[in-house]
Structure formats: C-alpha cells, structure tokens
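Colleague: For reference, the chains in residue letters:
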Amino acid sequence: MGRKLFFDPILSGNGTQACADCHRPQNAFSDPRQFSLGIDGIPGFRNSMPLQNLAWNFSQKFNWDGSAPSLEDQIFEPVTNPIEMNNTWPQAEASLKNHSEYPQLFKEAFNGATIDSILVTKAIAQFLRTLISGNSRFDRHLLGENILTPQELNGINVFMSEELGDCFHCHGNPFNPLWTDNTFHNNGLDASFTDLGLGNVSGDPRDNGKFRAPSLRNLAYTAPYMHDGRFATLDEVINHYSEGLVFSETIDPLMKSVAQGGVQLSEEDKAALKAFLLSLSDPEFINNPDFQNPN
Amino acid sequence: MKKLFITLLVSLVFIACDSDDDNNTPADVAVNLKFSQNFNELQVTALNLSTTTYVNEMNQELNITRLRYLLSRLVLTNSNGETFSLSPYHLVDISRPETLTLNTNVTIPEGDYNLSFVYGFNEEDNQDGAYNDLNAVSWNWPQMLGGGYHFLQMDGQYNVNTEPAPYNFHNGTARVSEGVFEQNFVNFNLPNTLSISEGNTININMDIAEWFRNPNTWDLNVYNTPLMPNYDAQKLMQQNAATVFSASVE
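Protein chains in written order, with my numbering: chain W, 1 to 295; chain C, 296 to 545.
Keep in mind the hints are simulated off the structure, nothing from the lab. Since the structure is predicted, the reported quantities are computational estimates derived from the model, not experimental observations. Every residue, glycine too, gets a C-beta built ideally from N, C-alpha and C. Misleading hints may appear alongside valid ones.
[Unchecked claim] Label-pair restraints from in silico Cβ distances:
id	chain 1	residue 1	chain 2	residue 2	range
1	W	Phe-193	C	Val-471	38 to 46 Å
2	W	Ser-59	C	Gly-376	37 to 45 Å
3	C	Val-471	W	Ile-147	31 to 39 Å
Whole structure, please, built from the sequences with the hints as guidance.
Modeller: Put into structure tokens, the structure is as follows:
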C-alpha cells in the first residue's frame, strides 16, 4: 500500500502529482530537473534527493538540511507545501476515504484503524525502507568477484588517498558502502550563502552553508548534483573538488586545499575517480519491478 | 547421596550467612564514565567548536571544528589484581552529547582502582571493518595506510587571525613504506588511584594542548594536512599522545 500511495497523485491538491513524479525510479528516485515543479508549476529551490538505503541513516536527519527528524516526518511535509503538492491533510485523508480501494487496504495494513495522515506516512515510509540498493559492480567486487577494471581500481585509490581525492572522510568507504556519512558539511561551493541549509534549521550560524553529504551510490542516475543542482555532470563535480573550492567561514577543514582551489587532480586521476564512481551504479535497483508503479 | 546433599546444603547456608553477616564486604556500585576535554585552562565542549580560539605551544592560533577519538579495552584493576572490563571500545564525538557519557552496566565493589585503556585499537583489535557502528560513522582508516580505524580526528583552522588554513590532525596506523606498517596505539595505565563509591563517575579527560607540546612541539605550519600518509607526523602524534589523558573521580 505504501508503494501504491507513493505512485498515486491522490495525495496532491488537484490530484495531478505523486511522490514518484519528483522521485523517479529511473533516477534512483531523484529528479533529473534541477528543481522539481509543484502542482501549480512553481519550482522548488533544492534538487530532489535520491531515495535508497534510507533505513541506515542512523542520524535520523533527512532532507538536504536535516529538517525532518524521521522518514515519516519527511513525508508529511511535501503534501502540504504550497509549492509542492499544495494539499491539506484533511483533504488528502478525505480523498483516500472516498476511494474504492484504500479504505480496505488501510484496514488490512493497520488492523482495522481508520485512515489518517500518520498511517499514510507510516505506509509510505515502510515502502521507502524497502528501497535497498546493494548490487552495483563495486558491491560485487566487495563480495569477491574480480570484475573491476584497472582504471576503476585506481579510482578507489584516488578516492581513499588523503593526498589525492580524500573523498572518504565524508562519502564512506568500502566498509561503509552507503557512500555517505549522513552528516552535514560546507563543501566550499560559495563565498556567501543564499541558502543557509542546516543553519536555517538549527539557527546556529556555525551551520550556515552546510548540507547533508549525499550518497554517491547510483550517481550515474541522479544528475544534476549538489543541493541546488548547479552541476549538470559528474565531471563538473570532480572539477569543483579539484579546482573550484571557495573559502567561507564555515567551510569544512576537510576541504584541505581550498587555498589552491582544490586537490588538483591530474586528468588521469580524474578519469579513474569517475570510473570508480560509475561502478557504484546498480541497474537492478532502478529496474526492480517491486519498486515500480503498481497503479 | 542424600547425606552428601544435606551437607552441601548446610555448607551453602553457612557460606551465605557468613557473607551476609560480614559488614566489611564492600557494596557493589555501577561504573559510569564521562569524557571531557580541555585546552590548557579552557574547557572544550561542543559550544566551543569553530568559535573559540586556542593558542598552542608555538603561539599558533587555532580553532577546532571536529573532534572524535577512540579508546578501547577500558579496564579497572583493584589492589588484588582483579580486573573489571568496562567497555571493549568507545568512540567519543564531541558534537554528539550521547558519546560523552558511558554507563557501562558493570558493577564493582566499592574501593580503590587503577584505570587502564588503549588509545586507539591495539594490533589485535584494529581489524578492517570489524565494528559496524564504527563503519557507519566512517571511522575507518584506509587499507593502503594499514587499515583498521582512525584513533583520532581533530580538524579545524590554524592561523585563524591571520591567514586561516585547515589542519586535519588524524592519527592511526603509521605507514613506513608501501605495504609496510607500524602500530601506533598507546597503552595507558594511569598511575593515580581512583576511589570509587556509590554515585561516583570516572571522568576521563583529554588535554588537547598536550597534542601540540609534549614531548614534541608541534608546528602547524609544517604539519597541517595531509598527515595520514606522513610517517613522521603519525609517530610524533603517538609520542605526544602519552600525556594527553588523565582520569579522576567525581
């Protein structure tokens, strides 16, 4: 039922938009547009995040800015956000109660309880927790299959070397294949901030310009990149860390080479790093029939 | 058989009574740990992260934005040589208050003890990927540098009032050369006696200033980042670790 709700426009104000419209399976449940459009055609201001392996976000801070303290809380928000689904929960509940199938489905799923917003978010959250990606080429390499190319193997070295990419302090490692630490960093995008990110949520100026490190898993499908989708390609992202860093007061000290603009990777290292990053793609995940539209 | 059983039962009753009647038997108390940090006379807490400026032995002004460290094999030993294992390992993250206390669920008789622990993991414990909770917070040390886990991460900016530049004071296994590694943990057997009774907490403190001065005076203009693959920096850190920790009863 969670899956049915996720793909059903019934939760939106005018019945035209489902969660899946901005979290598309083919894009690892993200949106290829820089900013998603709500039911009235109004764009948001952050790039839609992919949805995968969410049960392992132990910090329980969701969204780019950590504003949702649980997956269920995250689901509450877009339904009523005026520039997203622009609905009210009483209205959404009424639509579900008047539907030919949902009353029975809720009864079966929740032991006879009546439909309400809490149960809706629980059902969708449980579906989202089933969105598990763990079969990329790199995952199979970790399981002992000898399938990576020499260039991809060089790429993991660039990723894991403190004197080269130094990506691993924020983006996981072979023993943390979530490929994120799920915490918040200022990664040197701007000298001053139009979007305060975590700082807007915590009210602490030390958090200004910090955003949650996104998982690198499936990034072949999740362009564009960064919280504001400013980079259209993976090459632009790598170039940012190599030459494009900008100092600001809250920049993470892990952005060690900011004075030189970045870690100054050679073209060969960049190509290797990119090859490794693409080995994190899991086509089985985006094509899994259990994760597609059932409606 | 029956007679033997009765004899045993009577003995047990006697032993039990003997134990109950002995007013000198110390009460068992739970062991609670607390972790604190200072930089010379200044306490260092999450509130100080990024904002407070500290001055190291070389008069370099620095701030701290991240501080995490790992202690393992925390053990109390009494004067009879009996040992009480408190925790196999514990990661302190100054930004996560829940890691600054550790209620061990271990009970010990009231009395005098000495505390010992390992800074980082010893060779036996420092196994690649062996601890899921540490993997989840990306505490791993790269395999090309010997693998296992970080022992310390301290990040911030130095020369904060002139030309701020980042430092990454990260410690773990030292790489001598490609494929050749040297252990870098430190065994601590703190000399002071801890008198523990009901309601006490053992406070383990890290004096961060010691990382920068004892015995090696640390020059952040020379050793800032990257330090993980730098053998000399890794060994200097290990040497300086020897005086950073102390423990007291509160």
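Colleague: The structure should be examined with respect to each hint, and the outcome stated for every one.
Modeller: Hint by hint, here is what the structure shows:
1. Phe-193/W / Val-471/C: 38 to 46 Å: The hint (38 to 46 Å, Cβ to Cβ) holds, given that Phe-193/W and Val-471/C are roughly 44 Å apart.
2. Ser-59/W / Gly-376/C: 37 to 45 Å: Given a distance of about 42 Å, which is inside 37 to 45 Å, the answer is holds.
3. Val-471/C / Ile-147/W: 31 to 39 Å: holds, 32 Å
Of the numbered hints listed earlier, not one is contradicted by the structure.
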